Amino acid sequence: MIKFISTSILLFFIYQCDSYAYPNINFIKDNPDYLLIEENSLPIIDIRIGIKYGSRDDGARTGITNFAIKLLHKQEVDNSKLIHHFERIGAIYNSDVSRDSSYISVRLISTPENIHYVSKKLNILLKHQHITQDLIDDNKDIILNAINRGKLDPSSIIQNKANEIFFINTGYSHPIFGYKKDVKDLNIKEVRNYLDSIINKNSLEINIVGDINENSSANLISNLLSGIPQGKDTDKEKFILNYKKHRQVINIPHKSKQTHIAIYIPSVTRLNKDFYNILVANYIFGGSGFGSMLMKEIREEKGLAYSVYSYLAPYSDFGVLKISMQTETKNTSKAIEILKNQIIRFRNFNISRSSVGFAKIGLLRSFNLRFDTNKKMLENLSAINEYNIPENYFEHYVNGINNVTIRSIRESLNSSIMFDNNLIITVGNN
Amino acid sequence: MVKTLKYILVLLISILISDIAISSTNFNDRIEQYQLKNGLKIILISDNRSPIVMSSVWYKVGSSYEYEGITGISHILEHMMFKGTENTKPGEFSREIKKIGGTENAFTGKDFTGYYQKVHKDYIELCLKLESDRMINLNLSENDLKSEREVVKEERRLRTEDNPISKIFEKIGLQIFGFNGYGIPIIGTMDDINAITIEDLKKWYSNYYVPNNATLIIAGSFNKKETKKLIQKYYGKIERKSVKKFSKKDTLQTSYKDILLKDNVSDPILVLSFRKEPFTNINRKESYALEILFELMDGAYSSRFTTNLVDKQIAFNTFISYDTYSKENNLVAIGGSPRENVSVDELKRLIIKEFDNFIKKGLKDNELEYTKSRLIAHNVYKFDSIFYQAMQVGVLETKGFNWQLLDQYIIDIESITEQDLINVAKKYIVEDYILTSIINPL
Chain A
1 MIKFISTSIL LFFIYQCDSY AYPNINFIKD NPDYLLIEEN SLPIIDIRIG
51 IKYGSRDDGA RTGITNFAIK LLHKQEVDNS KLIHHFERIG AIYNSDVSRD
101 SSYISVRLIS TPENIHYVSK KLNILLKHQH ITQDLIDDNK DIILNAINRG
151 KLDPSSIIQN KANEIFFINT GYSHPIFGYK KDVKDLNIKE VRNYLDSIIN
201 KNSLEINIVG DINENSSANL ISNLLSGIPQ GKDTDKEKFI LNYKKHRQVI
251 NIPHKSKQTH IAIYIPSVTR LNKDFYNILV ANYIFGGSGF GSMLMKEIRE
301 EKGLAYSVYS YLAPYSDFGV LKISMQTETK NTSKAIEILK NQIIRFRNFN
351 ISRSSVGFAK IGLLRSFNLR FDTNKKMLEN LSAINEYNIP ENYFEHYVNG
401 INNVTIRSIR ESLNSSIMFD NNLIITVGNN
Chain B
1 MVKTLKYILV LLISILISDI AISSTNFNDR IEQYQLKNGL KIILISDNRS
51 PIVMSSVWYK VGSSYEYEGI TGISHILEHM MFKGTENTKP GEFSREIKKI
101 GGTENAFTGK DFTGYYQKVH KDYIELCLKL ESDRMINLNL SENDLKSERE
151 VVKEERRLRT EDNPISKIFE KIGLQIFGFN GYGIPIIGTM DDINAITIED
201 LKKWYSNYYV PNNATLIIAG SFNKKETKKL IQKYYGKIER KSVKKFSKKD
251 TLQTSYKDIL LKDNVSDPIL VLSFRKEPFT NINRKESYAL EILFELMDGA
301 YSSRFTTNLV DKQIAFNTFI SYDTYSKENN LVAIGGSPRE NVSVDELKRL
351 IIKEFDNFIK KGLKDNELEY TKSRLIAHNV YKFDSIFYQA MQVGVLETKG
401 FNWQLLDQYI IDIESITEQD LINVAKKYIV EDYILTSIIN PL
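Residue numbers (our numbering), protein chains in the order written: chain A, 1 to 430; chain B, 1 to 442.
Simulated from the structure, these hints should not be mistaken for laboratory data. Be careful, since some hints might not be right.
Stated by the list, open to error - Below are the DMTMM-like pairs computed for lysine to aspartate or glutamate, each with C-alpha atoms no more than 25 Å apart in a straight line:
(1) A:K257 to A:E214
(2) B:K353 to A:D138
(3) B:K312 to A:D137
What you are looking at is a predicted structure, and each value in this text was computed from that prediction instead of being measured.
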């Protein structure tokens, strides 16, 4: 009998471990800025270098972060661009800039030679000693063209306009690509100086996933950072949300069959105490696809849109609850009315206990699906690093969701979501 | 040169080693395949990297099976498959999957319609139960069709009518193939979306949604023995039925007359299209040669289009779009947007010149080795995702090819020579058979 009980306990324990087998995150040589998930069932390594500067830090020269980061791989070394060097060994190089941060990433086949090769090339890239005037001119041409293209794309138009109004007088109000005038006026000295200021050991976070151990990762990082200055801890400017135009509705004329609709509502940041309550609430509202309040009302019952959703955009200084959909232009007013009614329902949150229970279970059980590929693990690892979420992140997440109740959701919606301070923007032939 | 070759060698050796030590980049090591008595083909792909499993059912039906009057019917039926069965209420399938933390969706292509769920491995049975139920018990009601038709029309507006590039690709397909095979738009024409009836959908469903016209692919972490039992339990009881072909030939004559459009674009967009023969096991080397040629021309930052056209400020961007594994005659599209001081005609001339130069002068140093090393490495990267593994296998299977092609891929790619590339360039890049399409800004 005792043997049976102990076996049952053991089996239960194994089942629990397997059900929630989260990846093991290691600090590389005890440095909390360098994280590793060792996953050696495939001969692949993914490296992502996070840079703690995004378009919010552009200052007066909008677009400079994007411009500078998108220039790095184009530097010419030994008669060919750095990106060509990566491509020769089948490695994939990528870079991107968001509002709060930027990154460059490389995926490669895991051999000691490749690891060494890539770390050396990344080191040259980060040192940015090969930026020329021709490179600046060509990059301007490409980026100005992308800005022009965005002016005809309804999803870019709506996002840019909404950000301009909603984030007024903050670093979040301008497009990541910047404004045309600022990009045109950029010069080589300015770009070099800016890169000097944002690329240093203090501003870089390194995340590695794949077929590599801690020692090799440490060597890789050592090569990669060789000669990169230490830098200083700088306090970044904190922005506050200045938007106070209650329930403003703005239309931007655009020749199209559909009208795009976006609604912005002030919400919470990732580290706010109410985050998990809002996360569960948003899952029910519009964050979980079919069956969510928005999807049910707008798509499943009324057939008004192919896609409608809400999501929490947690920037470092403030959060926003964003709602997005597109509908045939003649249905715009009807759709906005339904969205407004759904927002009222969401705000009142007369949702059954079982719906909240299912949402919590759904979120917890779907957690595993966020770690089923190296690529996803790297994305999560980078977020954990960027938000400085402690190493017991998984435990925090599970506890955070488990502690959510209808009451706590209602309190958070009441205290942390500024429902009356919303912005509604439409882009279309209205 | 020596250094580069060394890296390629190391890359190939590492893949070889991984096959032996990790056994992870070869489908043959992962797949078990069999068939139920009712004709349902089962493919089990084992991958235990995470406790996740993906269950997917692929039906051999898509837009290339359609004809004028009912274009888009496969896609509408895909939407209607979420409207409930004799045993489940509308939306219940999705809700059940959501409750267990899973994700699910569906897709329609030219040759297939597929449905999948990705869940924790403990819930595989629920997926098999629900998916097998909607293979035979789907409820198709006028009321559901009424609202879903509007959703599909919104999807068409979003993806095609407000999207200049999709719009021109639809026109190109119809001009070259008419309402035949790959010329038929997957989403269907607006007229046909409006006209399709519930009776049309019932006919489509009862004809094509049968086990002997389907493939069940399970990929990820699962207990093989238990899963086989469950498959038999839920799918084994469904009866085999004969499958008819409904397609009607459109007699439209192919035309290579230029297509000129004005639309919401900031710069002109040039698209040069030509026909590609279907993929077969016999001509597969030619298809792979074409794939390498296109990779060499436009597959990377170091490819010829980027270095000779984009970096030299002729074009803002370039593209080549093609499907190696096409079951029927298909289109290859090559194009881009010229920079401000370059005309569309000039860009066209320079794109064709790139191929002419290749035919006359052949490869540059290491160009073929670099291109192959990219394709080979990318082939390994695909194994990162169970979704992508199932997609690769499913696409080939429903097109009537065999997943074993995937394991043969690297060997085939390695066997392609410079002369093979020159031969396909000569065969396909023939100006008289290129359709030129241009979108100009309004």
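**Asked** Quick check: which numbered hints come out false for this structure?
**Response** Result: hint 1 breaks, nothing else.
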